[in-house]
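> Just so we're aligned, residue 6 is where the sequence shown starts under this note's numbering, counting upward by one.
These are computed hints drawn from the structure, not numbers from a lab. This structure is a prediction, so every number in the text was calculated from the model and none was measured. Please note that a few of the clues may not be correct.
[As the list claims (entries may be wrong)] With a Cα cut of at most 25 Å, we get these calculated BS3-like pairs of lysine-lysine:
1. Lys291 / Lys47
2. Lys642 / Lys612
3. Lys287 / Lys276
4. Lys113 / Lys642
5. Lys149 / Lys113
6. Lys407 / Lys583
7. Lys323 / Lys238
8. Lys195 / Lys164
[Claimed, not checked] Computed Cβ-Cβ distance ranges for the label pairs, DEER-style:
9. Gly413 / Lys563: 43 to 49 Å
10. Asp428 / Leu46: 20 to 26 Å
11. Asn653 / Ala86: 29 to 35 Å
12. Thr520 / Gly586: 15 to 21 Å
13. His556 / Gln61: 53 to 59 Å
C-beta atoms are modelled at their ideal positions from N, C-alpha and C, and glycine is treated no differently.
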Amino acid sequence: MKTDRRFPATLRALHELLSSMRFAIGLLTILAIASVIGTVLKQNEPYPNYAFEFGQYWFQVFATLGLYDVYHAGWFIAILAFLMVSTTLCIIRNAPGFVRDMRTFRSKASERSLAAMKHTALIEGHADLAAVSGYLQRQGFRLKTTARDDGSTLIAAKKGSLSRLGYFFAHGAMLVICIGGLIDGNLPLKAAEWLGQVAPETQDLPQSQIPAISRLSAGNLSFRGDVTISENKSADVVFINNGPGYLVQELPFIVTLRRFNVDYYSNGMPKLFASDIEVTDKASGKVTQARVEVNHPLVVDGIAIYQASFGDGGSPLKFKAWNLDHPQAAPVDIDGISKANQPLVANGRDFRLELGDLRVFNVEDMSGNNANGGSLRDRMKDAREVTRARQLKNVGPSIEYKIRDNTGQAREYLTYMSPIQQDGANYLIAAVRREVSQPYDYLRIPLDDDLSIDRFMRLRAALANPALYDEIAAQSGAKAMQGNAISPAMRQEFETSVKWILARFAEGGFDGLQTFLEQHVPADKRADVAQTYIKILQGAIIDVMNVADRHAGLPAMKQDGAHYRFLLDSLVAASALKDYGAPVFLQLTGFTQVQASGLQLTRSPGKNLVYLGSLLLVAGILLMFYIQERRLWLLIKPGSMRLAMSANRPNPDLDRDFSRHQDALQQLARGEDGHRPNA
6 MKTDRRFPAT LRALHELLSS MRFAIGLLTI LAIASVIGTV LKQNEPYPNY
56 AFEFGQYWFQ VFATLGLYDV YHAGWFIAIL AFLMVSTTLC IIRNAPGFVR
106 DMRTFRSKAS ERSLAAMKHT ALIEGHADLA AVSGYLQRQG FRLKTTARDD
156 GSTLIAAKKG SLSRLGYFFA HGAMLVICIG GLIDGNLPLK AAEWLGQVAP
206 ETQDLPQSQI PAISRLSAGN LSFRGDVTIS ENKSADVVFI NNGPGYLVQE
256 LPFIVTLRRF NVDYYSNGMP KLFASDIEVT DKASGKVTQA RVEVNHPLVV
306 DGIAIYQASF GDGGSPLKFK AWNLDHPQAA PVDIDGISKA NQPLVANGRD
356 FRLELGDLRV FNVEDMSGNN ANGGSLRDRM KDAREVTRAR QLKNVGPSIE
406 YKIRDNTGQA REYLTYMSPI QQDGANYLIA AVRREVSQPY DYLRIPLDDD
456 LSIDRFMRLR AALANPALYD EIAAQSGAKA MQGNAISPAM RQEFETSVKW
506 ILARFAEGGF DGLQTFLEQH VPADKRADVA QTYIKILQGA IIDVMNVADR
556 HAGLPAMKQD GAHYRFLLDS LVAASALKDY GAPVFLQLTG FTQVQASGLQ
606 LTRSPGKNLV YLGSLLLVAG ILLMFYIQER RLWLLIKPGS MRLAMSANRP
656 NPDLDRDFSR HQDALQQLAR GEDGHRPNA
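Using the sequences and the hints, build the whole thing.
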């Protein structure tokens with residue numbers, strides 16, 4: 006009966022593969038590429054962020070490859086495990102030979118083998134054994150002297166054997182780093198996920214309602230999570246982004262934010278931010294107080310608490326709501342809290358107001374010379390190009406919010422609180438976008454002499470009030486007659502045109518006028534007709550403002566260039582509000598800031614092993630590359646000596662050392678007194 010040798014042969018082949026240098030280098034190459042990806046691509050972000058950045062197709066590809074959490078991906082952990090096995094087998098395979106080589110002096114070398122070496126020489130003469138041994142010892146060699154049967158004596162010498170330790174340090178370092186990586190890769194958690202015992206939560210639920218399958222105990226081996234805490238609030242969990250959802254990590258202590266501190270430069274950029282926190286141990290009740298700053302974490306029970314970010318902690322807000330569907334209605338005061346939702350009723354319809362973060366400081370490049378086109382001035386589509394130096398400026402508080410209707414459709418809005426000056430005029434800036442993936446469309450509402458939008462809203466209400474059109478048209482007609490722009494016979498027709506243009510503009514803005522031209526005016530006459538409409542509208546807007554002020558019991562606006570610019574800007578803003586898509590315009594009028602600190606908590610027990618492995622790797626490289634092993638043999642026979650040398654890595658230094666030792670030994674061979682013997 007024949008023995009089946011295929012299985013042992015397969016094992017031998019597998020052993021050869023795993024312990025080979027090519028296999029280890031291949032794994033290291035893959036790990037290096039993965040590490041580059043993990044460094045360039047920000048890790049553990051929410052999946053919607055990646056979908057927005059890469060698009061749906063590449064988002065799915067990268068998600069399948071696990072590139073959003075490279076260092077905890079199953080394939081990355083598997084490569085670490087294979088590299089650890091490969092390194093271990095390589096050490097087991099080569100260590101005995103290296104140890105023997107470090108211990109042996111190779112004192113059995115024959116004269117023929119010594120004569121066959123590259124660095125060898127025959128030295129005539131005789132030198133005292135003690136003198137030769139003393140010289141070699143002074144050169145740092147360790148010796149082993151062997152007397153042979155033929156009367157000759159072999160001195161086997163070596164130095165630099167510690168370079169062999171570099172092999173063990175370097176390979177041991179890889180092993181230690183892999184173990185540290187596997188520990189921080191949290192194999193038990195990965196196994197629990199594979200077995201379905203742990204699954205991420207995908208819904209936005211209150212922390213107390215998150216099911217047990219999405220919660221991790223305080224004894225979890227390794228984690229990195231984030232939590233945002235408002236002033237005088239506490240947290241005993243952190244949230245870990247995990248694939249399409251998140252996990253909740255229980256902490257063995259409670260973190261309380263007592264005070265958040267932030268300092269700013271003169272231009273509004275943050276200079277320093279830090280959190281004064283209290284950490285209360287759940288088991289013992291021990292309280293630890295500390296200040297956490299960037300790059301200065303607090304470590305409690307093996308968990309490091311880092312200062313990661315800061316933001317809004319739920320600030321009380323005050324708004325003035327202007328009814329866009331009924332401009333004649335007086336504004337209504339609305340109170341809210343940032344990062345919260347509340348009902349909103351407008352014109353008999355129910356909406357949901359979803360308030361986002363309050364940003365007290367907004368630093369923008371106001372120079373208009375931003376290469377990336379990301380300055381506020383650029384985003385407001387200012388067509389004038391002005392070459393200026395970079396000018397960072399704090400443009401004041403802002404709030405983002407969504408208004409959602411009863412069908413679930415919503416638009417996102419952004420409004421600034423403080424006036425923003427551009428080319429000598431002041432504006433209130435607002436913005437809207439229909440989807441998060443789209444950029445904001447910015448709106449500039451001109452401010453009056455009191456830096457208020459009241460006059461603009463009064464003008465807009467008059468534009469939308471047909472009851473005032475006769476009065477406005479009569480005033481425009483009288484002014485045109487006075488300036489001889491029209492004849493008395495044309496006055497009625499002119500006033501009718503003014504009322505018609507005001508009605509079209511109130512209904513659809515500039516786009517409404519353009520649509521009418523495209524539908525009713527031949528193409529070759531549109532430019533002339535459009536120019537006529539614009540001239541009438543630009544002239545009538547002065548009368549609209551005067552009538553609006555008169556009905557409000559206010560004095561008429563001054564007639565100068567700055568105020569006329571206000572009126573023209575008002576036309577642009579009134580037209581843009583047609584696409585605003587909200588029942589009300591929310592003007593932020595006040596707030597009480599409540600700050601929050603973003604903390605990152607990490608438990609990385611493998612981190613110290615990685616640090617140790619890195620030190621071992623550096624030590625191993627230094628030993629291998631900066632300490633060279635030298636072996637020297639000197640076979641002493643009556644009347645001659647055979648010198649031979651070798652090194653673990655041939656280099657020019659070996660040539661110089663061999664010549665130096667040859668010259669010295671020749672000097673010793675000339676006689677005991679060191680002089681050349683007489684011929």
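> Next step is simple, just say for each hint if it's right about the structure.
Consistency of the hints with the structure:
no.	hint	verdict
1	Lys291 / Lys47	violated, 36 Å
2	Lys642 / Lys612	violated, 59 Å
3	Lys287 / Lys276	violated, 35 Å
4	Lys113 / Lys642	holds, 16 Å
5	Lys149 / Lys113	holds, 11 Å
6	Lys407 / Lys583	holds, 18 Å
7	Lys323 / Lys238	holds, 23 Å
8	Lys195 / Lys164	violated, 49 Å
9	Gly413 / Lys563: 43 to 49 Å	holds, 48 Å
10	Asp428 / Leu46: 20 to 26 Å	violated, 41 Å
11	Asn653 / Ala86: 29 to 35 Å	holds, 32 Å
12	Thr520 / Gly586: 15 to 21 Å	holds, 18 Å
13	His556 / Gln61: 53 to 59 Å	holds, 54 Å
In summary, the numbered hints that this structure violates are 1, 2, 3, 8 and 10.
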